[in-house]
Amino acid sequence: MSLNDLLHYLRLGGVTLALLLGASVVALGVAVERLIALWGVSERSRSLGEIVNKHLLRGDVAAARTAAERSDAVAADIFLAGFDRWERSRASGGNGIESAVERERAQVGLKLRRNLWLLATIGSTTPFVGLFGTVAGIMRSFKDLGVDVEAGGTGGSAAVMTGISEALVATAVGILVAVQAMVFYNYFQARLSRVLVELRLLGDEFSELLKERATGALLPEPPPSREPSTPPATRPDPQPASS
-13 MSLNDLLHYL RLGGVTLALL LGASVVALGV AVERLIALWG VSERSRSLGE IVNKHLLRGD
47 VAAARTAAER SDAVAADIFL AGFDRWERSR ASGGNGIESA VERERAQVGL KLRRNLWLLA
107 TIGSTTPFVG LFGTVAGIMR SFKDLGVDVE AGGTGGSAAV MTGISEALVA TAVGILVAVQ
167 AMVFYNYFQA RLSRVLVELR LLGDEFSELL KERATGALLP EPPPSREPST PPATRPDPQP
227 ASS
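One point on numbering: in the working numbering, the residue at position 1 of the sequence shown is -13, and numbering is uninterrupted.
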């Protein structure tokens, strides 16, 4: 297909084809934005999790929190939510740390899924938009055929077939745009499922270690050891002197 043919079909497609091409550009833009946003998410989160857990195993909660505050990984928000809850619940043995971590993990998941609904919407609606353009084109072709017959024309099928073939371009473009959007959507869904499982595992391990620190802080100090007192030695009674 030459460039002139492509421009010809674009002119015939009108508003419908313009909508489909705009949807294709939007889908490509969302895909590029999500690729950039998800680049290295798993690696940075695992690296931060190893550092935080290493500090917690040594009992240095302050260093673990500092590492989370300085990191730009998405897991840092999860860890910081756990640390905040730990500060408020130290007196109760760290109750609620798991819930706080899970809530923040859900918030992070929503951020990672941002704009993916656009891909799903484009993938499910563009075939129908293309079909609408095709139906409109076929209606226009039969209208032109009727006008030609009324004007004394032969009413041959050549003009109708040409119009129908041009109208079918809208359906073909709609299907191509839908395939593009759904490929992107399924790829990101699979990748996010793996990332969210990794974040869940990191959050569970972090919660266990942090709760151990809170529980250990509540253990009573052992009483000082006391040496058993030895009874004083008894002196033997003096024997009476023999006469």
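The reader is advised that the hints may include incorrect statements.
[Claimed, not checked] Between beta-carbon pairs, the in silico distance windows are:
#1 Glu198 / Arg100: 32 to 38 Å
#2 Arg180 / Arg89: 18 to 24 Å
#3 Glu191 / Ala23: 47 to 53 Å
#4 Gln175 / Ser33: 40 to 46 Å
#5 Ser110 / Gly15: 34 to 40 Å
By construction, these hints were calculated from the structure, which means they are not laboratory data. Nothing here was measured: the structure is a model prediction, and the numbers come from that model. For each residue, glycine too, the CB sits at the ideal point set by N, CA and C.
Going through the hints against the structure:
The given range of 32 to 38 Å is respected by Glu198 and Arg100, whose C-beta atoms sit roughly 35 Å from each other. Between Arg180 and Arg89 the beta carbons are some 21 Å apart, a value that agrees with the proposed interval 18 to 24 Å. Glu191 and Ala23 have their C-beta atoms about 25 Å apart, which leaves the hinted 47 to 53 Å range violated. Look at Gln175 against Ser33: about 25 Å separates their beta carbons, and that is not inside 40 to 46 Å.
For Ser110 paired with Gly15, a C-beta distance near 18 Å fails the hint of 34 to 40 Å.
In this structure, the earlier hints numbered 3, 4, 5 are contradicted, and the remaining ones agree with it.
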